[in-house]
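2 protein chains.
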Amino acid sequence: MKLDKNLKLINIGLENFTEALKKTQTSYVNLDYRPPSAPPELMEILDELASSEKVKKANEEAFKRLNAAQPFLMDLLPAREAVEGLDEGMNLYHAGPPVTWENMCGPMRGAMMGACVYEKWAKNVEEAEEMLSSGKVSFSPCHHHSAVGPMAGILSPSMYVWAVENKTFGNTAYCSLNEGLGKVLRFGAYSDDVIERLTWMHEVLGPTLRKVIAASESPLNVSTITAQALQMGDECHNRNVAATNLLQKELTELMLKTVDDKKTILDIFTFIGNNPHFYLNLSMAACKATADTILGLPNSTILSAMARNGTEIGIRVAGCGDKWFTAPSGMPKGLFFSGFSQEDANPDIGDSTISEIVGIGGFAMAAAPAIVKFVGGTPADAMNFTLEMGIITHGESTVFQIPQMDFKGTPTGVDILKVLETGIFPFINTGIAHKEPGIGQVGAGILRAPESSFIDALEYMEVK
Amino acid sequence: MKLDKNLKLINIGLENFTEALKKTQTSYVNLDYRPPSAPPELMEILDELASSEKVKKANEEAFKRLNAAQPFLMDLLPAREAVEGLDEGMNLYHAGPPVTWENMCGPMRGAMMGACVYEKWAKNVEEAEEMLSSGKVSFSPCHHHSAVGPMAGILSPSMYVWAVENKTFGNTAYCSLNEGLGKVLRFGAYSDDVIERLTWMHEVLGPTLRKVIAASESPLNVSTITAQALQMGDECHNRNVAATNLLQKELTELMLKTVDDKKTILDIFTFIGNNPHFYLNLSMAACKATADTILGLPNSTILSAMARNGTEIGIRVAGCGDKWFTAPSGMPKGLFFSGFSQEDANPDIGDSTISEIVGIGGFAMAAAPAIVKFVGGTPADAMNFTLEMGIITHGESTVFQIPQMDFKGTPTGVDILKVLETGIFPFINTGIAHKEPGIGQVGAGILRAPESSFIDALEYMEVK
Chain E
1 MKLDKNLKLI NIGLENFTEA LKKTQTSYVN LDYRPPSAPP ELMEILDELA
51 SSEKVKKANE EAFKRLNAAQ PFLMDLLPAR EAVEGLDEGM NLYHAGPPVT
101 WENMCGPMRG AMMGACVYEK WAKNVEEAEE MLSSGKVSFS PCHHHSAVGP
151 MAGILSPSMY VWAVENKTFG NTAYCSLNEG LGKVLRFGAY SDDVIERLTW
201 MHEVLGPTLR KVIAASESPL NVSTITAQAL QMGDECHNRN VAATNLLQKE
251 LTELMLKTVD DKKTILDIFT FIGNNPHFYL NLSMAACKAT ADTILGLPNS
301 TILSAMARNG TEIGIRVAGC GDKWFTAPSG MPKGLFFSGF SQEDANPDIG
351 DSTISEIVGI GGFAMAAAPA IVKFVGGTPA DAMNFTLEMG IITHGESTVF
401 QIPQMDFKGT PTGVDILKVL ETGIFPFINT GIAHKEPGIG QVGAGILRAP
451 ESSFIDALEY MEVK
Chain L
1 MKLDKNLKLI NIGLENFTEA LKKTQTSYVN LDYRPPSAPP ELMEILDELA
51 SSEKVKKANE EAFKRLNAAQ PFLMDLLPAR EAVEGLDEGM NLYHAGPPVT
101 WENMCGPMRG AMMGACVYEK WAKNVEEAEE MLSSGKVSFS PCHHHSAVGP
151 MAGILSPSMY VWAVENKTFG NTAYCSLNEG LGKVLRFGAY SDDVIERLTW
201 MHEVLGPTLR KVIAASESPL NVSTITAQAL QMGDECHNRN VAATNLLQKE
251 LTELMLKTVD DKKTILDIFT FIGNNPHFYL NLSMAACKAT ADTILGLPNS
301 TILSAMARNG TEIGIRVAGC GDKWFTAPSG MPKGLFFSGF SQEDANPDIG
351 DSTISEIVGI GGFAMAAAPA IVKFVGGTPA DAMNFTLEMG IITHGESTVF
401 QIPQMDFKGT PTGVDILKVL ETGIFPFINT GIAHKEPGIG QVGAGILRAP
451 ESSFIDALEY MEVK
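Same order as they appear, the protein sequences are chains E and L.
Residue numbering for the first sequence is 1 to 464, as defined by the working numbering.
Residue numbering for the second sequence is 1 to 464, as defined by the working numbering.
Bound-form chain E, shown alone:
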C-alpha cells in the first residue's frame, strides 16, 4: 500500500486493521465503531480473536490449503462401494446439518421416499413414508461422510458418485450424478419417470462413465475446468453451461475411444447435453475435497462448510471441528418457472453452498452476468455481490479468476470475524424446490446466510 505520509486517516472499526498504516508510518486515529449486526457483548471476543496471532496464522494456513487443492476425478462408482456407511442396511444421506423426520421439509421427505422406492426397499411412496417415519430407514448428513448433495442431496447405496481426490492432501470426496432440472429427485419429485431416470443412471450412465474414466490416461483436474468456465460466463453453482460443455467434451472423447456401442454413447451424450447443470455435482465433490482439508484446523475462524437441509442452515467453522451452528433456513427470492410463485417455495436447501466456501458460486457471480436471467437481479448486482464478498473473505483465490475484474481472484475463505465485524453475510444463489414432496424444482434465486449461526460460532470459539 502506497500512502502519502502527510495524510491523516481515520480507521473505523477494529484497531488491528491499522497495522498496514503503522507500517507506512501514516498518522491515523482509530474510531471504535460497530455496525449494528454485531451484539455489543461479543465485541470483546471478536477483538480478541481478530488480534490473536494464533488465529491469524491458522487463517493464513486455511487460505493456503483452499488454494493448494488439486481435485482430480479418479472414479465414478456406486455409493455403496465408496461412501462410508452405505454398504449395508437401509441408510440414506441427505443435505445440510442433521434433521429429524418430524422436522424435515417437504422436498427432502419426497426425495427420501423416492430413494426408498428406487432402492426397492419400498413398493411405493406410501410404504416408503411409513418406513422412514418409523425409523426403519436411517439417515444422516452427507457432510458427515465426505460427501455432498445438491438440494435434498439424497445419497442412496445404488447411486453412482463422482469420487474426487484432492491430490495435494490425499483425501477424497463424493457427490451423486446430476439428474437434470425440473421434476427430479433432488427437488423432491418421486414419480415413475424420476425413478426410471435414476435406474437408467445406475444401469447405463454410471457404469459406462466409470469404464471410460478408468480407461483415461490422465485423470481430469476439476479445478482446471472450473477456472476455464469462470472465463466463459459460469460461476459454477447456478450457471454451469460452459463447464458442462467442457466436461461433456472430455467424457465424449473418452467414450468414443472406449465404448463400442454407439447408441449408448449417443444416449449419454444427449443426457449430458440436455442438462446444463450436469457439471455441478462434479464441482461440488471437488469443493468438498477442498474444504475438508480445513475441517478442524485449530484456531481458524474460516468456514469449512455451509449447508442447508431445507429446515435449517448450518455452518461449520474450521477451528470448531465438526460442530454445526444452525439457524432456520432463509427463503430465497428469485425467478419462478411458469405456473409457480414465491408461495410455492421451500426454504433454502442443499449442500451446493460448498461452492461459496471455496470462492466460486455466488462469490464469483461477477464472472457470470448472464446468470441474472436465471436467479434474478442485474449484472451490476452480480458484480457488487463479488465485491462485497471480498470484504468478508480472507483473500483472493490464486486458482479462480474473474476476467471482467482484470483477472482478480475470486473472494475465498469466509472469515466469521469479518462477517460479524461488517454485518455482511455470505451471499448464496440457489435452486428453489417446491415446499411439498413430489413436485420438484420451481425456480432459482438468491439470499444471505443468517446472522445467528455466526454469533453462535463466535461464542463457541470463545468458550473453547
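Simulated from the structure, these hints should not be mistaken for laboratory data.
Where hints are given, some of them may not hold.
[Unchecked claim] Within a straight-line C-alpha distance of at most 27 Å, the following computed DSSO-like cross-link-like pairs (lysine-lysine) qualify:
id, chain 1, residue 1, chain 2, residue 2
1, L, K418, L, K54
2, E, K183, L, K249
3, E, K257, L, K257
4, L, K211, E, K262
5, L, K263, E, K249
6, L, K249, E, K211
7, L, K211, E, K263
8, E, K249, L, K249
9, E, K257, L, K249
10, E, K120, E, K435
Dock chain L against chain E, hints included.
Frame of chain E, contents of chain L only:
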C-alpha cells in the same frame, strides 16, 4: 431523452445532432466544431449527407436488414459445386480487395502457392510460384463471389465451404473450413503437413459433415450460436472457444446419429476439439450472408464490407455498390508466439473483419474480457472499445447482447459519416501472419481501420 427545459445546452459538431433537442424544446447553441481527422473541404458533404432524409431512411433500412438476418447452415460442400467461378479452370479466390501478384504480400503468396500444390496443379511450390506469377492461375477476391476467407482467405475448387443461407432474404454466402492455428495455409504456410491436413479435410472432414448436415432434421441457426457464445466470453472473431464447443456439440450429436464409423467420428471430434477457432469460418459465412443484404442499398452510408489482403485494406459502403475504397493495410500490435516479434508481422490481412460489420468481433470485445490474453490490452480496454464503437454505429443489435453491459445490444452498422465526424475509426482484432511465405501465424493483435478510405468513400458519395 428527458431533459429539463430550463437547461441551456451547447451542441458541438453537426447541427443535425440537435434534432432531439428541438423535439424537447430545450434551448441550445450550436458550436461548429470538427475534430482534426475530417478535412475541412469535406465538411460540407458530410453535413449535407448527415442531414439528408434519404440517407437517414437508407441507413435505417440497412440497420433493419442487419438485424433481420436469419443465417442458417444449409450445406457443406466442395467450393467447385457452390461458389461461382470455381467449377472450371485454375481459379483461386483470396481475402480483401483485388491485388496483383506483384503487390501481393508474403503470406498470401505462400497460401496461393500451397493451394496450387493442394489442387495438384503444381508439383511443388516453386512450380506453383511460376504458374501464379505468369498468370496461368487467375485469382480474384472472395468478396466478389458471395464468399469470405480468414487471413489469406484462399479458396480453391476442392476445399469444402460452409453454405449459409440468410432465410430472411434468400441469399447464400460461403466460407472455407478452419484448419487450426499456427502453421496453416491461411497464414501462408505450405509445408507437406499443411497440404496433408487440407487433403484429409476434403477427403474425410468435409464429406462426413456434409452427410450429417443433410441428415439433420432442422438446420442450425448460426446467429443463435453466436448470441449464446457472446454470453460465454466469446466475441466470435478472435475468441471462439464457447462457440466452437457449441458447434462441436451440435455436429457430434448429428455424427452419432448418422455416421457408422466410430473412428471417423473420433477423428473429427478431436480435430474440432483441438481448434478453438473452428467456429470462426462458419460465423464469417453467416456475417457475409448478413452484410450482403445491404450491398448496393442506395444512399446508405453504412459499411457493407471491410477486408484486407495484407497489402491494402478496403471498405465498401452500402450506397456505393461494389466499389472498394482502399488504403495501405495497417500493422497490428499485439502478442506474439514464442520466437516471433513485431518485426516478423505482416500488415493486417483477411476477410474476418466481416464480423465487425455485423456488430460482433472487435465491436463486441466487452463480452470477451479474457481475449486480452490473446490479443493484448486489459479487460477495461475491451469494454472501452465496445463503448467507442457505439459512437460510430447506427444502433444496438437486437440479436447480439453483452451481458456485462446489462444486456446492451452490440454496436451495429458502421456509419462512415459518424466515423469522419468523430475521428473514431473502426476497431479490429486479428490474427497476425508472418510476412514471409511458408511460415504461418506468429501472433494476434489489434488495430484501427485507416482514415483515408473513409474520406475517399465520402468524396465518392458526393460525386455520385
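Consistency of the hints with the structure:
1. L/K418 with L/K54: holds (16 Å)
2. E/K183 with L/K249: With Cα atoms ~25 Å apart, E/K183 and L/K249 stay inside 27 Å; holds.
3. E/K257 with L/K257: holds (17 Å)
4. L/K211 with E/K262: holds (18 Å)
5. L/K263 with E/K249: holds (16 Å)
6. L/K249 with E/K211: holds (22 Å)
7. L/K211 with E/K263: holds (19 Å)
8. E/K249 with L/K249: Given that 27 Å is the threshold and the Cα spacing comes to 8 Å, the pair holds.
9. E/K257 with L/K249: holds (17 Å)
10. E/K120 with E/K435: OK: E/K120 and E/K435 at ~25 Å, within 27 Å.
The structure meets every hint from the earlier list without exception.
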